[in-house]
Amino acid sequence: MITHYEDVNTEETFITQQEYGKQLYNNPRGISCKSCHGEFGKGQQLAQYKHKGKLQEIYAPDITELDISRFKKKLYSNRGVMPKYYLTDSEIEAIYEYITQK
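Counting in the UniProt record's numbering, the sequence shown runs from 1 upward without gaps.
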């Protein structure tokens with residue numbers, strides 16, 4: 001019979017880095033990464049519009065193949081339609097670990 005919590009859980013945290021990353025990916029700061037980049041970060045269509053009679057489409061890119069430095073650079077960039085989330089380095093690393101898990 002186990003009488004102490006420490007005997008069961010030797011980890012420092014209750015959830016894994018990937019689980020934390022999944023939570024952040026699904027709803028960081030009230031706006032979901034998943035809304036634009038899809039369930040697993042592979043990208044998806046965001047919008048359609050007509051320009052000079054031709055149908056145009058806007059897509060969120062696949063973010064699963066980026067290396068960590070490029071991933072961070074894209075998050076810190078003020079260009080494009082990507083919203084700024086003001087994530088910490090540990091939050092960014094958790095999201096990166098989640099979307100790049102194989």
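I should point out that these hints are in silico values taken from the structure, not numbers from a laboratory. Just to be clear, a hint being listed does not mean it is correct.
Under the rule of at most 20 Å between Cα atoms (straight-line distance), these lysine to aspartate or glutamate pairs were calculated in the EDC-like manner [claimed, not checked]:
1. Lys73 <-> Asp62
2. Lys72 <-> Glu57
3. Lys50 <-> Glu97
4. Lys72 <-> Glu97
5. Lys22 <-> Asp89
6. Lys73 <-> Glu93
7. Lys73 <-> Glu57
8. Lys50 <-> Asp67
Pair ranges (Cβ atoms, derived) [as the list claims (entries may be wrong)]:
9. Lys52 <-> Gln101: 41 to 47 Å
10. Gly80 <-> Glu19: 15 to 21 Å
11. Tyr59 <-> Thr16: 39 to 45 Å
We treat Cβ as the ideally placed atom computed from N, Cα and C, and that holds for glycine.
Margin query: Of the numbered hints stated earlier in the document, which are not met by this structure?
Written below: 2, 3, 7, 8, 10, 11
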